[in-house]
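Undergrad: Based on the sequences and whatever the hints tell you, model everything.
Protein chains: 2
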Amino acid sequence: MSYADRLDGALEEVRNPCLVGIDPHLDLLPDEFAVARDENAPRAERADAVERFCIELLDLVAERVAVVKPQSAFFEVLGADGVRAFEHVVAHARSRGLLVIGDVKRSDIASTAAAYAKSFLNAGDASCDAITINPYLGADTLEPFLDACRDTGAGVYVLVRTSNPGSGSFQLHGTPPLWRTIAQVVDERGREFVGERGFSAVGAVVGATHPKELAELRAAMPRTPFLLPGYGAQGAGASDIVAAFTDERHRWRGGLVNSSRGIAFAWRKAAPGTSWKDASSRALDAMITDLQGALGIPAN
Amino acid sequence: MSYADRLDGALEEVRNPCLVGIDPHLDLLPDEFAVARDENAPRAERADAVERFCIELLDLVAERVAVVKPQSAFFEVLGADGVRAFEHVVAHARSRGLLVIGDVKRSDIASTAAAYAKSFLNAGDASCDAITINPYLGADTLEPFLDACRDTGAGVYVLVRTSNPGSGSFQLHGTPPLWRTIAQVVDERGREFVGERGFSAVGAVVGATHPKELAELRAAMPRTPFLLPGYGAQGAGASDIVAAFTDERHRWRGGLVNSSRGIAFAWRKAAPGTSWKDASSRALDAMITDLQGALGIPAN
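Protein chains in written order, with our numbering: chain Z, 1 to 300; chain E, 1 to 300.
No wet-lab data here; the hints were simulated from the structure.
Just so we're clear, the structure is a prediction, and the values are computed from it rather than from any experiment.
Treat the hints loosely; a few may be bogus.
Pair by pair, the computed Cβ-Cβ distance ranges are [as the list claims (entries may be wrong)]: (1) E/191 <-> Z/175: 25 to 35 Å; (2) Z/188 <-> E/237: 49 to 59 Å; (3) E/40 <-> Z/175: 48 to 58 Å; (4) Z/45 <-> E/59: 44 to 54 Å; (5) Z/110 <-> E/272: 22 to 32 Å; (6) Z/147 <-> E/272: 32 to 42 Å; (7) E/176 <-> Z/140: 46 to 56 Å; (8) Z/278 <-> E/198: 53 to 63 Å; (9) E/198 <-> Z/27: 31 to 41 Å.
Short, incomplete list of chain Z residues facing chain E, as computed with Cβ under 10 Å [what the hints assert, rightly or not]: (10) 25; (11) 107; (12) 118; (13) 163; (14) 164; (15) 167; (16) 285.
Some, not all, of what chain E presents toward chain Z, calculated at C-beta under 8 Å [to be verified]: (17) 25; (18) 79; (19) 107; (20) 112; (21) 115; (22) 168; (23) 170; (24) 181; (25) 184; (26) 267.
Note that the Cβ used here is the ideal one computed from N, Cα and C, for glycine as well.
TA: In structure tokens form, the structure reads like this:
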């Protein structure tokens with residue numbers, strides 16, 4: 001089944017568009033995983049602590065959200081041992097019924113892009129359901145990733161309009177702005193990948209931090225699933241993402257709203273003595289309630 | 001010492017601007033490494049074959065060229081085992097006195113970009129001297145990589161104008177074309193990183209397949225070291241890269257001309273019975289002679 005339809009089905013189960021980012025930033029891990037940031041400890045031990053944290057976090061969010069998004073950089077920082085942990089985390093997420101978006105932002109040309117696609121989308125138990133990719137090298141460099149989607153039923157999210165403060169420096173270049181040209185490619189190339197439920201397996205990363213452009217982005221890419229970073233720690237609120245969601249009957253359809261630190265490291269802002277798991281669990285409840293409220297989704 | 005000065009010194013030793021790409025494309029490896037492409041073999045064994053091939057290739061080119069460029073994708077395709085091989089290959093190259101450009105094309109925001117920078121530029125024995133990075137997310141996302149350059153004496157090559165056939169689809173967007181805006185950022189932010197020998201540690205990837213734009217690119221980024229892909233297999237010749245080299249006395253200064261398959265897999269086009277090492281060695285000799293001829297560098 002195509003990523004588009006798997007995603008839509010999984011969202012229908014949980015009735016919320018929350019995407020939990022699995023970003024094991026070493027400096028922010030709870031103290032019981034402190035060995036992860038000990039530069040003198042063996043890397044394998046450090047990576048093992050990262051893996052344990054992520055797996056506990058996955059167990060906490062499973063069945064409450066449809067999708068998680070591990071951030072590759074925070075695994076790669078521990079080299080091959082970290083990548084092993086990434087593989088185990090992806091496999092564990094899938095074993096818990098979660099869809100996995102590998103946040104890898106890869107890009108390259110021809111057979112090199114094909115190798116990246118295989119690395120993440122056709123990697124046995126450690127395969128992601130979808131990955132993020134960077135379009136700058138050119139429309140032709142998206143094709144090897146689309147080939148992998150066709151072969152494996154995977155999805156991609158193309159960076160179109162990112163959430164960072166400086167995202168406009170190149171994405172807004174020209175008239176019309178560059179993002180429109182990229183959005184058009186995403187829309188056109190995504191048509192072939194539209195599933196039975198009306199959305200494509202070719203998605204777009206669209207920062208929730210640009211609420212004024214969101215309706216325009218949605219109009220430019222009507223069948224494109226959005227990945228919306230920027231909620232919470234980066235400053236966007238639930239009202240900022242509403243324009244991405246256009247299905248009047250199934251209000252959770254259209255995008256995934258990501259929160260990474262806001263969930264994983266909620267303990268850092270919680271009352272003293274709160275366990276990290278309790279803090280994360282409450283933060284996730286609050287996010288689900290917040291988004292369901294803004295979108296007008298009745299609680300389950 | 002800054003990457004810029006280390007690079008310039010190393011080039012002066014070899015008196016040629018050849019950059020050998022270490023791209024262990026599994027399907028193209030010589031038969032003695034065939035286990036690397038056997039999907040039924042354990043990944044550790046497959047990665048070991050990849051590592052052996054790369055190390056033999058490094059030993060072949062050491063002391064003849066200044067810099068090598070391992071392509072991360074062809075290691076990542078074997079997962080954590082492949083990444084372990086990448087680490088060993090980088091460490092071996094450095095132990096042979098080669099500078100290493102990790103072709104990783106990473107990009108992300110804030111602390112995530114910082115984690116990528118640390119993964120490749122501050123990784124002990126497996127640290128690269130420089131890496132390639134993708135600017136699409138915005139000028140602010142280059143900063144964590146520049147911080148790493150400042151802290152570790154490393155370099156970066158920002159993708160400006162890539163060599164692939166479709167590179168114009170976004171890089172030529174707008175008037176002036178997007179690449180000019182990015183080139184300006186590369187030039188301006190690179191000034192702080194200009195070393196004693198007059199070049200910056202902040203480089204640019206500029207395809208040798210755009211000879212007509214090369215003089216313009218050089219004028220826009222006068223102190224920027226170029227990484228020039230596209231020579232050989234992708235169709236560019238020695239005459240196409242001359243405009244990148246502007247130092248009349250030291251004609252090897254200004255850019256690195258990359259060849260990957262043309263060297264590593266020269267045996268595929270060699271006379272039957274030629275060993276892969278002989279074929280690679282001759283291909284490298286031919287490339288050095290070709291570039292020295294086009295640039296007017298007397299042979300050593």
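Undergrad: Against each hint, give a clear statement of whether it holds in the structure.
TA: Results for each hint:
For residue 191 of chain E and residue 175 of chain Z, the Cβ-Cβ distance of about 29 Å falls inside the hinted range of 25 to 35 Å, so the restraint holds. Range check, residue 188 of chain Z to residue 237 of chain E: about 35 Å between beta-carbon atoms, so the 49 to 59 Å window is missed. Between residue 40 of chain E and residue 175 of chain Z, the C-beta spacing of about 54 Å keeps the proposed range 48 to 58 Å intact. Between residue 45 of chain Z and residue 59 of chain E the CB atoms are about 33 Å apart, so this pair departs from the stated range of 44 to 54 Å.
One distance hint, 22 to 32 Å for the beta-carbon pair residue 110 of chain Z and residue 272 of chain E, holds here, with the actual separation near 27 Å. Distance hint check for residue 147 of chain Z and residue 272 of chain E: the Cβ-Cβ separation is about 33 Å, which falls inside the suggested range of 32 to 42 Å. Checked against the hint of 46 to 56 Å, the pair residue 176 of chain E and residue 140 of chain Z fails, with Cβ atoms roughly 23 Å apart. Separation of residue 278 of chain Z from residue 198 of chain E is about 58 Å and conforms to the stated range, judged on CB atoms against 53 to 63 Å.
Range check, residue 198 of chain E to residue 27 of chain Z: about 38 Å between beta-carbon atoms, so the 31 to 41 Å window is met. Among the interface hints, the one on residue 25 of chain Z holds; its C-beta lies about 6 Å from the nearest C-beta in chain E, closer than the 10 Å criterion. For residue 107 of chain Z, the interface hint holds, since its Cβ comes within 10 Å of a Cβ in chain E; the closest pair sits about 6 Å apart. Residue-level restraint check for residue 118 of chain Z holds (minimum Cβ-Cβ distance to chain E is 5 Å; threshold 10 Å).
Satisfaction of the interface hint for residue 163 of chain Z is found here, the shortest Cβ-Cβ separation to chain E being roughly 7 Å, below the 10 Å cut-off. Annotation: interface hint on residue 164 of chain Z holds; nearest CB of chain E at approximately 4 Å, less than 10 Å. With 10 Å as the threshold, the beta carbon of residue 167 of chain Z comes within range of chain E, its nearest partner Cβ sitting at about 5 Å, so the hint holds. A least Cβ separation of about 26 Å between residue 285 of chain Z and chain E goes past the 10 Å threshold, and the interface hint is therefore violated.
Hint status for residue 25 of chain E: holds, given a least beta-carbon distance of 6 Å to chain Z, under 8 Å. With a least beta-carbon distance of about 6 Å to chain Z, the hint placing residue 79 of chain E at the interface is held under the 8 Å criterion. Below 8 Å, beta-carbon pairs count as interface contacts, and residue 107 of chain E has one with chain Z at about 6 Å; its hint therefore holds. Hint status for residue 112 of chain E: holds, given a least beta-carbon distance of 5 Å to chain Z, under 8 Å.
For residue 115 of chain E, the interface hint holds, the least distance from its beta-carbon to any beta-carbon of chain Z being 4 Å, beneath 8 Å. Interface hint at residue 168 of chain E: satisfied, since its Cβ lies 7 Å from the closest Cβ of chain Z, which is below the 8 Å cut-off. Hint status for residue 170 of chain E: holds, given a least beta-carbon distance of 6 Å to chain Z, under 8 Å. Interface restraint check for residue 181 of chain E: the shortest CB-CB distance to chain Z comes to about 6 Å, inside 8 Å, so the restraint holds.
Evaluation of the residue 184 of chain E hint against chain Z yields a violated restraint, the C-beta minimum of about 10 Å exceeding 8 Å. A cut of 8 Å between beta carbons decides the hint on residue 267 of chain E: the least distance to chain Z is about 18 Å, and the hint is violated.
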